[in-house]
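These protein sequences, in sequence, are chains P and U.
Residue numbering for the first sequence is 1 to 117, as defined by our numbering.
Residue numbering for the second sequence is 118 to 230, as defined by our numbering.
It is possible that some hints are incorrect.
Below, simulated DMTMM-like cross-link-like pairs (lysine to aspartate or glutamate); rule was C-alpha separation at most 20 Å, straight line [said to hold, decoys possible]:
(1) P/Lys57 / P/Glu68
(2) U/Lys173 / P/Glu102
(3) U/Lys159 / P/Asp24
(4) U/Lys222 / U/Asp172
(5) U/Lys222 / P/Glu105
(6) U/Lys173 / U/Glu162
(7) U/Lys225 / U/Glu132
(8) U/Lys184 / P/Glu102
(9) U/Lys173 / P/Glu105
(10) U/Lys225 / U/Glu120
(11) U/Lys225 / P/Glu44
(12) U/Lys184 / U/Glu162
(13) U/Lys159 / P/Glu68
(14) U/Lys119 / P/Glu102
(15) U/Lys222 / P/Glu44
(16) U/Lys159 / P/Glu105
(17) U/Lys119 / P/Asp24
(18) U/Lys119 / P/Glu20
(19) P/Lys11 / P/Asp24
Just so you know, the hints here were simulated from the structure itself, not pulled from any lab data.
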Amino acid sequence: GAGVSQSPSNKVTEKGKDVELRCDPISGHTALYWYRQSLGQGLEFLIYFQGNSAPDKSGLPSDRFSAERTGGSVSTLTIQRTQQEDSAVYLCASSSRHSLQEAYEQYFGPGTRLTVT
Amino acid sequence: QKEVEQNSGPLSVPEGAIASLNCTYSDRGSQSFFWYRQYSGKSPELIMFIYSNGDKEDGRFTAQLNKASQYVSLLIRDSQPSDSATYLCAVNGNGGSQGNLIFGKGTKLSVKP
């Protein structure tokens, strides 16, 4: 079946502008995760959704970052007033299940490369 | 904060050899362990996961978990040039976020023909 999809694949924006990044998870996957990967760095966890709920927002770097998920499916990550340090690849992953006690397999989308000029 | 450590490499092995990739983690209570492969410019691809001590084999890949020593390793037998990539180790999060993954920075593997 279809994997995780993300759009756009590339986004170049000017400093101070707002951007929206979209993630469409694998059909039937209830859990959805957002990560950020900067050049030469590891994956940084941002936020996860179980259904439409985001119980843990502590990974979001600042209050300029927000995310929502509707219908238990598509998620949007919004970055307001973008800064150059926001430049990174934003990755979305989904999983068929999520537990507070242990982690399960996560499948990644192709990512959105964000460049803030 | 839980830490996941990997040697950044590059680890260079000849084609046909066994590549051994290692990962250590700081939280003794960690339960779930994952290996991802990431080709340059691509997103991570799940290779294996392991929850119990010991070995888990899948084709040319073997994951080894030793909870007492807090390390997990990935062995790639009969390495191929197509295995050249960065390999990411991931461990479940801590506290109330054990469903999340914490990633190491990855080990770059180069398989020489």
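Hint check results:
1. P/Lys57 / P/Glu68: Holds: P/Lys57 and P/Glu68 sit about 11 Å apart, inside 20 Å.
2. U/Lys173 / P/Glu102: Holds: U/Lys173 and P/Glu102 sit about 18 Å apart, inside 20 Å.
3. U/Lys159 / P/Asp24: 18 Å, holds
4. U/Lys222 / U/Asp172: Answer violated: U/Lys222 to U/Asp172 is near 23 Å, above 20 Å.
5. U/Lys222 / P/Glu105: 19 Å, holds
6. U/Lys173 / U/Glu162: Measuring from Cα to Cα gives roughly 18 Å; hence the hint holds.
7. U/Lys225 / U/Glu132: 15 Å, holds
8. U/Lys184 / P/Glu102: 15 Å, holds
9. U/Lys173 / P/Glu105: 15 Å, holds
10. U/Lys225 / U/Glu120: 19 Å, holds
11. U/Lys225 / P/Glu44: Distance of about 18 Å is within 20 Å: holds.
12. U/Lys184 / U/Glu162: 24 Å, violated
13. U/Lys159 / P/Glu68: Judged against 20 Å, a Cα distance of about 25 Å means the pair is violated.
14. U/Lys119 / P/Glu102: The given pair, whose Cα atoms are some 14 Å apart, holds under the 20 Å limit.
15. U/Lys222 / P/Glu44: 10 Å, holds
16. U/Lys159 / P/Glu105: 18 Å, holds
17. U/Lys119 / P/Asp24: Violated: U/Lys119 and P/Asp24 sit about 29 Å apart, past 20 Å.
18. U/Lys119 / P/Glu20: Distance ~30 Å between U/Lys119 and P/Glu20 Cα, so the pair is violated.
19. P/Lys11 / P/Asp24: 17 Å, holds
Checked against the numbered hints above, the structure breaks hints 4, 12, 13, 17, 18 and satisfies the rest.
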